[in-house]
Amino acid sequence: MGDWLVNEGPKWLILVLWFGINIGLFVGYFLFYHQGTQFYYLRLLLGHGLAWARAPAACLNFNCMLILLPVCRNLISYLRGSCGCCRRSIRRQLDKNITFHRAVAYMICLHTAIHFGAHCYNLELLVAAQTDPYNLPFFFYGNDTEGLISKLTSLQDGVNSTYINPIRLSNSDAIIEGLKTVAGVTGVVITLALIVMVSSSTEVIRRSYFEVFWYTHHLFIVFFIGLVLHGIGGIVRGQTNIDVHNPEECFRRYLEWSPDDATCKIPQFQGGGAQTWKWVLFPMILYIAERCIRFYRSQQKVVITKVVKHPSKVLELQMKKRGFQMMAGQYIFIHCPSISRLEWHPFTLTSAPQEDHFSVHIRIVGDWTGALSKACGAEEPEFQDAWKMPQIAVDGPFGTASEDIFRYQVGVLVGAGIGVTPFASVLKYIWYQYCNPDITLKLKKVYFYWICPDTLSFEWFADLLQSLENQMLERGMGDFLNYNIYLTRGWDANQAKNIILHEEENSDVITGLQQKTHYGRPHWDQIFSNIAQSHTGVSVGVFFCGPKGLSSTLHHMCNQHSSSDPRGVHFHYNKENF
Amino acid sequence: MGQIEWAMWANEQAIISAWVMLTGGIIGLTGFNRWEIAAYSVAAGIFIILLEYPRGKRKKGHTIERRYQQYLTRVIHACGTITSNYYIRFVLHLLLCVPAGFQLPTILGALGLFIASIIYFVAAFHGEKWQPIGIDTKGAPSSSNQTVITQPPSQPPPRAPAHVRPKRPAQPVEGDPTIL
Numbered sequence: 001m002g003d004w005l006v007n008e009g010p011k012w013l014i015l016v017l018w019f020g021i022n023i024g025l026f027v028g029y030f031l032f033y034h035q036g037t038q039f040y041y042l043r044l045l046l047g048h049g050l051a052w053a054r055a056p057a058a059c060l061n062f063n064c065m066l067i068l069l070p071v072c073r074n075l076i077s078y079l080r081g082s083c084g085c086c087r088r089s090i091r092r093q094l095d096k097n098i099t100f101h102r103a104v105a106y107m108i109c110l111h112t113a114i115h116f117g118a119h120c121y122n123l124e125l126l127v128a129a130q131t132d133p134y135n136l137p138f139f140f141y142g143n144d145t146e147g148l149i150s151k152l153t154s155l156q157d158g159v160n161s162t163y164i165n166p167i168r169l170s171n172s173d174a175i176i177e178g179l180k181t182v183a184g185v186t187g188v189v190i191t192l193a194l195i196v197m198v199s200s201s202t203e204v205i206r207r208s209y210f211e212v213f214w215y216t217h218h219l220f221i222v223f224f225i226g227l228v229l230h231g232i233g234g235i236v237r238g239q240t241n242i243d244v245h246n247p248e249e250c251f252r253r254y255l256e257w258s259p260d261d262a263t264c265k266i267p268q269f270q271g272g273g274a275q276t277w278k279w280v281l282f283p284m285i286l287y288i289a290e291r292c293i294r295f296y297r298s299q300q301k302v303v304i305t306k307v308v309k310h311p312s313k314v315l316e317l318q319m320k321k322r323g324f325q326m327m328a329g330q331y332i333f334i335h336c337p338s339i340s341r342l343e344w345h346p347f348t349l350t351s352a353p354q355e356d357h358f359s360v361h362i363r364i365v366g367d368w369t370g371a372l373s374k375a376c377g378a379e380e381p382e383f384q385d386a387w388k389m390p391q392i393a394v395d396g397p398f399g400t401a402s403e404d405i406f407r408y409q410v411g412v413l414v415g416a417g418i419g420v421t422p423f424a425s426v427l428k429y430i431w432y433q434y435c436n437p438d439i440t441l442k443l444k445k446v447y448f449y450w451i452c453p454d455t456l457s458f459e460w461f462a463d464l465l466q467s468l469e470n471q472m473l474e475r476g477m478g479d480f481l482n483y484n485i486y487l488t489r490g491w492d493a494n495q496a497k498n499i500i501l502h503e504e505e506n507s508d509v510i511t512g513l514q515q516k517t518h519y520g521r522p523h524w525d526q527i528f529s530n531i532a533q534s535h536t537g538v539s540v541g542v543f544f545c546g547p548k549g550l551s552s553t554l555h556h557m558c559n560q561h562s563s564s565d566p567r568g569v570h571f572h573y574n575k576e577n578f
Numbered sequence: 001m002g003q004i005e006w007a008m009w010a011n012e013q014a015i016i017s018a019w020v021m022l023t024g025g026i027i028g029l030t031g032f033n034r035w036e037i038a039a040y041s042v043a044a045g046i047f048i049i050l051l052e053y054p055r056g057k058r059k060k061g062h063t064i065e066r067r068y069q070q071y072l073t074r075v076i077h078a079c080g081t082i083t084s085n086y087y088i089r090f091v092l093h094l095l096l097c098v099p100a101g102f103q104l105p106t107i108l109g110a111l112g113l114f115i116a117s118i119i120y121f122v123a124a125f126h127g128e129k130w131q132p133i134g135i136d137t138k139g140a141p142s143s144s145n146q147t148v149i150t151q152p153p154s155q156p157p158p159r160a161p162a163h164v165r166p167k168r169p170a171q172p173v174e175g176d177p178t179i180l
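From first to last, the protein sequence lines stand for chains G and L. Residue numbers for the first sequence follow UniProt numbering, beginning at 1 and rising by one. Residue numbers for the second sequence follow UniProt numbering, beginning at 1 and rising by one.
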């Protein structure tokens, strides 16, 4: 339970807080519009629709204020840097920024639906009240108020009087009347922008056609402009003279209202005016600053020092940039103006902080990565001169470093498929730390598991493991790192024969490493109980990067194999961002 | 942007718009003027959701199916050109969205569907076509590397996993039980 609180507590705290504020705002504004005396006459016209439209509007303001913050990655990076004294578990929350962004977006969709639905009723009722107050739609449930409604909607702008019903023409159409107002036009435009943004950011589109997602998401500019303008018309009109006209007492005497009456003068109404800008101005400024920083970064000089084309369509770029500081497990955004002027793509750093350059391994799968590979001359057979390299820009690094691993005596790293990339950096980093004689490490043993679907992806990472292996053997510390590679599918009959033939040799036929490749999926239950047996009474940090299914298996394994005895072995599960 | 399959986005846009239209239609049935349009929107929304629910196969790579879409895939596949040609979907959505534009609660769904139909036009213009997932068209072999592998490997592993292998007395590795 204690562990659960440490690992999951802050996340739930933030969610509960956010949810609570949403509920609080909703309830607060609902009651304000449902009970406020100044809205007495408006409620008479609209019924519950008023409160049901205004309460989600308040939540929309709040959530639209929040939605820009998690995508300000430089701001988040700055926050992470400036709260170095905070606990890691709190700082880790900053890595869930995109999850939070999506949660806020869903909340915006929900409130938009309620807001739009309620305003449909409101507009229809206002049009009906202006046209024929004695024949209102049946969802209007007011009783015996037809005369009062008729009186209210007939109020005109003039001496001593202002209107309450924004629909001024009788026998008009709700759609036409709606599109005559600023609120109606901006509402439809920004809701459409929202629908298009949502449809293009579903998982399939985002993962497969990033450009579509990226470009349509810039409709958020339209969204925010429309949002700020939405309230300008001041259509929701509250009463301004309740001191000389108490609606709760005067509504029965509507025939006697007059400027001369002592207690029931003619009610005056006024629109609320736009409020949203107060909510969203600050995040908009932050976001503009963020884009300025990105622009500045894109102008900074980055030198590509080395390009390596690995056989399995993986491109390795080694780069240098003045003042660049990284930690293991972080990622950067790369921008190449000659390919696309707008796109920034995230890549995990694969170099260790101790190295004089930083590197990324890019799998060539799409348009952008393909174009980058071509631009770097990786397709050409001969050596490329440095001046031929494309100009690129780098933003970052971002993400929490995986330094947590040094808090455990035993580390278990599990990477699946291309999810192995952050561990390249982490493994190198651990190794450099381990070799540094000035540092005595708590970490005594590292297990590394790599689950890979086919042999194609082996090459570049096997190179890295091989170099680590050689270095370890040279120093006689071969037992520090134990690595296991699992090939889950993709061997053919020839390979199988080959493997059996070379079974007795020292190095593996596929990877060329000392430790033999395993075939099939790892038997986690066995692995965990073995680790638990050989390291009694220590805490083991499990780090995973890969797909969801395996993540929950490992999470479950960690819980299952942790000893209930506080002095026994404990597995702590950590999921890397990727 | 050569590799974008616009139909995938059009499909998402159409299905979300259909939900918006359906919801709008339900609201419209609660006493608004022109309830016929609301009833129409409910029917059209359900029809579009059924039509668009089975995702088409992507030209390249693995396509994630929607849950239980395989039953509808067969129905849509059985309709042949009518459902697989995106020009027809473009015209269909364009026509379907028009009536819903005449009632307040359904207008957003109608406009969303209009956008979807335009994206379908772009898709059709790029020569895209709806292909069923999981049904072999013309017996064409699907590319073996890219399709999802639900079956276990047909080749037996060249070496048994460590925990079922009999322990060999030679070459013991100390302190590490996970290795042979």
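What the hints contain is simulated information worked out from the structure, not anything from laboratory work. Take the hints with a grain of salt, since some may be wrong.
Unchecked claim - For lysine-lysine, the following DSSO-like pairs were computed, each having C-alpha atoms within a straight-line distance of at most 27 angstroms:
{"no.": "1", "chain 1": "G", "residue 1": "K313", "chain 2": "L", "residue 2": "K60"}
{"no.": "2", "chain 1": "G", "residue 1": "K374", "chain 2": "L", "residue 2": "K59"}
{"no.": "3", "chain 1": "L", "residue 1": "K59", "chain 2": "G", "residue 2": "K313"}
{"no.": "4", "chain 1": "G", "residue 1": "K321", "chain 2": "G", "residue 2": "K309"}
{"no.": "5", "chain 1": "G", "residue 1": "K374", "chain 2": "L", "residue 2": "K60"}
{"no.": "6", "chain 1": "G", "residue 1": "K445", "chain 2": "G", "residue 2": "K313"}
{"no.": "7", "chain 1": "G", "residue 1": "K444", "chain 2": "G", "residue 2": "K575"}
{"no.": "8", "chain 1": "G", "residue 1": "K320", "chain 2": "G", "residue 2": "K278"}
{"no.": "9", "chain 1": "G", "residue 1": "K306", "chain 2": "G", "residue 2": "K320"}
{"no.": "10", "chain 1": "G", "residue 1": "K306", "chain 2": "G", "residue 2": "K180"}
{"no.": "11", "chain 1": "G", "residue 1": "K309", "chain 2": "L", "residue 2": "K60"}
{"no.": "12", "chain 1": "G", "residue 1": "K548", "chain 2": "L", "residue 2": "K129"}
{"no.": "13", "chain 1": "G", "residue 1": "K278", "chain 2": "G", "residue 2": "K265"}
{"no.": "14", "chain 1": "G", "residue 1": "K548", "chain 2": "L", "residue 2": "K60"}
Said to hold, decoys possible - Partner residues aside, some chain L positions facing chain G, computed with beta carbon under 10 angstroms:
{"no.": "15", "residue": "V98"}
{"no.": "16", "residue": "H126"}
{"no.": "17", "residue": "G127"}
{"no.": "18", "residue": "K129"}
It should be emphasised that the depicted structure is a prediction, and the values quoted were computed from it without experimental measurement. Each residue gets a CB set at the ideal place from its N, CA and C atoms; glycine is no exception.
How the hints compare with the structure:
1. Note on K313 (chain G) and K60 (chain L): the hinted pairing holds, with a Cα-Cα distance of about 16 angstroms set against a maximum of 27 angstroms.
2. Of the pairs offered as hints, the one joining K374 (chain G) and K59 (chain L) holds, with about 23 angstroms between alpha carbons and a cut-off of 27 angstroms not exceeded.
3. Proposed proximity of K59 (chain L) and K313 (chain G) is supported: the alpha carbons are some 20 angstroms apart, at most 27 angstroms.
4. With a CA separation close to 21 angstroms, the supplied pair K321 (chain G) and K309 (chain G) stays within the 27 angstroms bound.
5. Annotation: proposed proximity of K374 (chain G) to K60 (chain L) holds, straight-line Cα distance about 21 angstroms (limit 27 angstroms).
6. Straight-line distance between C-alpha atoms of K445 (chain G) and K313 (chain G) comes to about 33 angstroms, which puts the hinted pair past the 27 angstroms bound.
7. Distance restraint check for K444 (chain G) and K575 (chain G): the Cα-Cα separation of roughly 21 angstroms lies within the 27 angstroms cut-off, and the hinted pair is therefore satisfied.
8. Distance restraint check for K320 (chain G) and K278 (chain G): the Cα-Cα separation of roughly 43 angstroms exceeds the 27 angstroms cut-off, and the hinted pair is therefore not satisfied.
9. Distance check on the hinted pair: K306 (chain G) and K320 (chain G) sit about 10 angstroms apart at the alpha-carbon level, within 27 angstroms; holds.
10. Proposed proximity of K306 (chain G) and K180 (chain G) is contradicted: the alpha carbons are some 61 angstroms apart, above 27 angstroms.
11. The straight-line distance between the Cα atoms of K309 (chain G) and K60 (chain L) is roughly 23 angstroms, inside the 27 angstroms bound, and the hint therefore holds.
12. Straight-line distance between C-alpha atoms of K548 (chain G) and K129 (chain L) comes to about 32 angstroms, which puts the hinted pair past the 27 angstroms bound.
13. With a C-alpha separation of about 34 angstroms, the suggested pair K278 (chain G) and K265 (chain G) falls outside the 27 angstroms cut-off, and the hint is violated.
14. Between K548 (chain G) and K60 (chain L) the alpha-carbon distance is near 23 angstroms, which keeps this suggested pair within the 27 angstroms criterion.
15. Contact between V98 (chain L) and chain G, as hinted, is not supported at the beta carbon level, the nearest pair being about 14 angstroms apart and thus beyond 10 angstroms.
16. At its closest, the beta carbon of H126 (chain L) sits 12 angstroms from a beta carbon of chain G; the interface hint therefore is violated under the 10 angstroms criterion.
17. The interface hint given for G127 (chain L) is broken, as the beta carbon of that residue sits about 16 angstroms from the closest beta carbon of chain G, more than 10 angstroms.
18. Below 10 angstroms, beta-carbon pairs count as interface contacts, and K129 (chain L) has none with chain G, the closest being about 17 angstroms; its hint is therefore violated.
When each numbered hint is compared with the structure, violations occur for hints 6, 8, 10, 12, 13, 15, 16, 17 and 18.
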